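**Q** Just so you know, the protein sequences line up as chains V and S, in that order.
Going by the working numbering, 43 is the number at position 1 of the first sequence; the sequence numbering is gapless.
Going by the working numbering, 76 is the number at position 34 of the second sequence; the sequence numbering is gapless.
No lab work stands behind these hints: they were computed from the structure.
Just so you know, these numbers come straight off a predicted model, no measurement behind them.
Backbone N, C-alpha and C define an ideal beta-carbon position, used for all residues, glycine too.
One should not assume that every hint holds.
[What the hints assert, rightly or not] Capping the alpha-carbon separation at 30 Å, the derived lysine-lysine pairs in DSS-like fashion look like this: (1) K232/V <-> K49/S; (2) K232/S <-> K49/V; (3) K67/V <-> K175/S; (4) K175/V <-> K175/S; (5) K325/V <-> K67/S; (6) K361/V <-> K325/V; (7) K49/S <-> K49/V; (8) K427/S <-> K67/S.
[Claimed, not checked] Quick partial rundown of chain S residues pointing at chain V, CB under 8 Å, derived from the structure: (9) A48; (10) L104; (11) Q143; (12) Q172; (13) K299; (14) G303; (15) N315.
Each chain, written out:
There are 2 protein chains.
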Amino acid sequence: MALRYAKRFDGVTGSAIRDIFKLLKNPEIISFAGGNPANSALEADVISQLAQEVLAQNGVQLLQYGQTEGYAPLRESAAEFFRHNGVEVRPDELLPVTGSQQALDLICKALLDPGDAMLVESPTFLGALQTFKLYQADLHPVETDEDGVIPESLEEQIRAHHPKLVYLIPTFQNPTGRTLSLERRKAVAKLLERYEDVVIIEDDPYRDLRYAGQALPAIKAFDTTGRVLYCNSFSKIISPGLRVAAVACTEPTLLRKLVIGKQSTDVHSPNLNQAIVDAYLRKGILMDHIEKISKSYGQQMGKMQQMLATFPESVRYTKPDGGIFLWVELPESVNATTLLSAATEMGVAYIPGTHFYCEPDTHHNTMRLNFSNASLDNIEKGMNKLKALFEKNGL
Amino acid sequence: MALRYAKRFDGVTGSAIRDIFKLLKNPEIISFAGGNPANSALEADVISQLAQEVLAQNGVQLLQYGQTEGYAPLRESAAEFFRHNGVEVRPDELLPVTGSQQALDLICKALLDPGDAMLVESPTFLGALQTFKLYQADLHPVETDEDGVIPESLEEQIRAHHPKLVYLIPTFQNPTGRTLSLERRKAVAKLLERYEDVVIIEDDPYRDLRYAGQALPAIKAFDTTGRVLYCNSFSKIISPGLRVAAVACTEPTLLRKLVIGKQSTDVHSPNLNQAIVDAYLRKGILMDHIEKISKSYGQQMGKMQQMLATFPESVRYTKPDGGIFLWVELPESVNATTLLSAATEMGVAYIPGTHFYCEPDTHHNTMRLNFSNASLDNIEKGMNKLKALFEKNGL
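If we strip away everything but chain V, and leave its shape as in the complex, we get (with noise of 0.2 Å):
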């Protein structure tokens, strides 16, 4: 007799990236398919003496149980933190968690019934839109455009499927690069003083990765309801292996469903990974460190995009400001998906654009490029193999 598995696993295999995740691990591929930094920015100096401060300092209450809601010092620093994106939230606002990841699966968890309509990007993170799947929401796509979503299309698809969240990535957008414009932040928080029981999920974890022009301030910024919940992660500027990130969530009886959630889910987060982080953020060395960093991204970002300027001009890419993504559109004749083992066995690695769509087998012409894990010599390689490859089969 087969086991009996919940609803919420129908459909849901998991397998479509996996294989290409597995490729990563082989060292003679040039991949363009993951999100991770760059190895070279992650300073295992730097976190070792971090730990043994903390541990020094505070290491029976680091190793013994901690509270859900966080470790205190944490949410004081990264409600500091948020404070330089215009996000002013009190640290009891402030819910540290397991990466972003985390916070996607509690806010579903707080407000998803099977079936609930939600809204999202189209196109969006993929790791998101299988969350939102397993909490067996009902999506439905937002038009978006060189300026980000469309508050338009927005509104239309709020009046149409009366949607319990709507999930946005308003900067250096995962899976385009794009940018959400100040105005459009503007008349995103301003739609929901008109539709009082819509939450905003405003995932944010590339903003400080900004190689030209101004930084704008979150939707949350410009939130009158409580009702946009940020999120930011310090896996993008400090690493993402130590799993530390915080969703503010100004509406105090969410709050409160979002910390049950996580006591039910993992009782707390790690508190040393906590501590370090908080130390991180207290030493004021992350501001260096992300100069840093940016200097080297953008570099590659403009290795990347010197590279797709020699592809024909059928081939349509984003031009951001920062971030870690490019987001290609090929001619129609060309199959991103189908052709992406031929471009393994090439030894080249990039995602399809149909896995960031919440209509399936779809925008087949489509793929996500990354480039911070990615030497400059191996973003010339890998895009000429690309190059070679799709102009073979039909472009």
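Place chain S on chain V using the hints.
**A** Coordinates of chain S only, in the frame set by chain V:
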């Protein structure tokens, strides 16, 4: 307009013992309420040294994104650790998680739809009950006695409710401290051969804290079906704040769903923490540490039992060979639930037993006492306070 919360939160407030745990922060209160290891059992210097070593050896890999399936060396060393409990699993059948609580959450995610039947020992761990309630499980109790869960009662309830899951803590159970006998372990495993779509969660975090008697093999050691999921944790024997545990699952399809669920929940558990525990295991220092802490926990348990022996004979309590809890049944005339606030005012805390039952508002004459985090002196003082309080209120 009110926010539309998920139905899974109907009736889940999370507040039952929340206020109790807030009291634990008051150093004036003698707490028998928690489930914490002794502060003196937490080795900040050892953990700091291991953190330095693993970051020096393997820092970039640890700070980079890791695999959802866990840090490969820990899967090996934890499989070796599981082996001494008679749980013969390969490293690839073992999933490291952020505390056993996460294993419970992921198992429910893989298997439970709202309203699905599930069986639990009566009484059982309240944190687990909260997880099961958030998955909207239809919970049914299974009778227990001095030798743990009663196989006949278990089979009867399986026939009556056709549950997807059975949750058992066979060794030094939370909250009772009771241990399932060898014969019953075999009988429980055997049941799965007759009920072919039932899964047992065997939660076994206390087994190494044994102060008398002989260790028994896990139920999993007798499992011929792959449907016993064996959870063990390093929280009680190394550190709860590190949040490292592992679940063994020898049913590949189910394991795959646990991994997909984990991917969408937090991508992976923090690498540094997994590497610290792996290094701890490989150093071969765990058994000496367990011997050391068991010696003092055994004395603490002895002291608490000695104090309970001074209570009137109408007070019954368990006499376990290990673990960190005793379970007390007072005469029906004493209400441990309502007396808690008077107890905390007198400077002593426990958890009312009612919170450990899936039937709400029952068993108000019971309580759980933890001895691992109180000195011998405080055990004497705290138990005397409790005795005086109960004697004034119905004892």
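**Q** Are the hints correct? Go through all of them and say.
**A** Hints versus structure:
1. K232/V <-> K49/S: Given that 30 Å is the threshold and the Cα spacing comes to 28 Å, the pair holds.
2. K232/S <-> K49/V: This hinted pair holds, its Cα atoms lying about 28 Å apart.
3. K67/V <-> K175/S: 40 Å, violated
4. K175/V <-> K175/S: Distance ~21 Å between K175/V and K175/S Cα, so the pair holds.
5. K325/V <-> K67/S: Given that 30 Å is the threshold and the Cα spacing comes to 28 Å, the pair holds.
6. K361/V <-> K325/V: 34 Å, violated
7. K49/S <-> K49/V: Satisfied, since the Cα-Cα distance of roughly 16 Å is no more than 30 Å.
8. K427/S <-> K67/S: 19 Å, holds
9. A48: 5 Å, holds
10. L104: OK, holds: L104/S within 8 Å of chain V, min 5 Å.
11. Q143: 5 Å, holds
12. Q172: Holds. Min distance 5 Å.
13. K299: 6 Å, holds
14. G303: This hint holds: G303/S lies near chain V, its Cβ roughly 7 Å from the closest one there, short of 8 Å.
15. N315: Where the cut-off is 8 Å and the nearest Cβ of chain V is about 5 Å from N315/S, the hint holds.
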